[in-house]
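Colleague: Using the sequences and the hints, build the whole thing.
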Amino acid sequence: MDSHRSPPTTRKAFRRTDDYTPGTSKVQLVTEDLPSPLAPNAVLIKVHAVSLNYRDAKIANGGNPWPVIPYGILCNDAAGEVVAVGQRVTKFQFGDRVAPIIDTKNLTGREAGRSWLAADEDGVLADFIVFDEEVVVRLPECLDWIEASIIPCAGTTAWAAAFYSKELEVSACDEKLKTIAERYKEPELMTVNYRNNKNWHEEVLQFTDGIGVDLVIEIGGATSIVPSLECTRRGGTISSVGYLSGYPERDTVVAYRSKSKPKGYQCGISDRYGRACCRVGSD
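Residue 197 in the UniProt record's numbering sits at position 197 of the sequence shown, with consecutive numbering throughout.
Calculated directly from the structure, the hints in this document are not laboratory data.
A virtual CB, placed ideally from N, CA and C, is assigned to each residue, including glycine.
Any given hint might turn out to be false.
To be verified - Here are the computed distance ranges between Cβ atoms for each label pair:
#1 Thr9 - Trp145: 21 to 29 Å
#2 Val27 - Pro67: 14 to 22 Å
#3 Pro8 - Ile211: 51 to 59 Å
#4 Pro40 - Asn193: 50 to 58 Å
#5 Glu111 - Leu52: 23 to 31 Å
#6 Asp174 - Gln206: 15 to 23 Å
#7 Pro8 - Asn199: 49 to 57 Å
#8 Tyr71 - Asn193: 39 to 47 Å
#9 Trp145 - Arg195: 32 to 40 Å
Modeller: Spelled out as structure tokens, the structure:
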């Protein structure tokens, strides 16, 4: 174990209460022991920032579409520094800026099982977290702690789903659309406010001369999946990465008619996370 200083023996963490009664607290602060000694391949991380996702609220309120462990620690996006390592750790040392991947069984995208943080195992909403070095990724030096904490889930998902695609933005906020359009001027970014236009997919089709877009990054879920299908071109791709309005029901008729290719993205893949970090660090 690293000998720079004595590692902590306890941590503070926010665990779910699993009380879904309206108006009751959904989390509680607890103090608990850390493993001592560390496992040979384990890395002890001091958490500096945690990023919240819509998924965290769904889990805390009992709305996650998949089962979760009881009384688990919330959140899956964090950034921190290594404060101790096990005897066999070779990839990291004291002081390294790191973050765990959000699916600790998904190193390459080819594994059969899964273990999502905050659902299948404890999350990262704690002052110290412990993970095997194989599921920890080095963070770009150019980002501060808060910026870096966004990469594991939201950042990696966006990078994987879009990669060089920035052409048309759909949002409910005119100010946001204006800011994005001003920032990305080349090529010109077309914008659509779905709150002002219930048939926003028709506006998208107008922008694309009735053809539809090549790629949709779909985060809305139940209320937006069908309009997204309607404005995707034949053979286009829908990258489904969220469900803000609820989990979508099947609509095979629309899906068949659109001839699009719906995809669900695995944002926890270690290899993909590492490439996203390298890309951010090189820009």
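Colleague: Between Pro8 and Ile211, is the Cβ distance one that fits in 51 to 59 Å?
Modeller: Cβ of Pro8 to Cβ of Ile211: about 58 Å, so the range 51 to 59 Å holds.
Colleague: Mind checking the hinted window 14 to 22 Å against the Cβ distance between Val27 and Pro67?
Modeller: 19 Å, holds
Colleague: Cβ-Cβ distance between Glu111 and Leu52: within 23 to 31 Å?
Modeller: 27 Å, holds
Colleague: Could one say that the CB atoms of Pro8 and Asn199 fall in the range 49 to 57 Å?
Modeller: 56 Å, holds
Colleague: In this structure, is the beta-carbon distance linking Tyr71 and Asn193 contained in 39 to 47 Å?
Modeller: Cβ of Tyr71 to Cβ of Asn193: about 41 Å, so the range 39 to 47 Å holds.
Colleague: For Pro40 and Asn193, compare the CB-CB distance with the range 50 to 58 Å and indicate the outcome.
Modeller: 54 Å, holds
Colleague: Should the hint that Thr9 and Trp145 are 21 to 29 Å apart at their CB atoms be regarded as holding?
Modeller: Because 24 Å falls inside the window, the suggested range holds.
Colleague: Is 32 to 40 Å a correct range for the gap between the Cβ atoms of Trp145 and Arg195?
Modeller: Given range 32 to 40 Å: holds, Cβ gap about 33 Å.
Colleague: For Asp174 and Gln206, compare the CB-CB distance with the range 15 to 23 Å and indicate the outcome.
Modeller: Given a distance of about 18 Å, which is inside 15 to 23 Å, the answer is holds.
Checked against the numbered hints above, the structure violates none of them.
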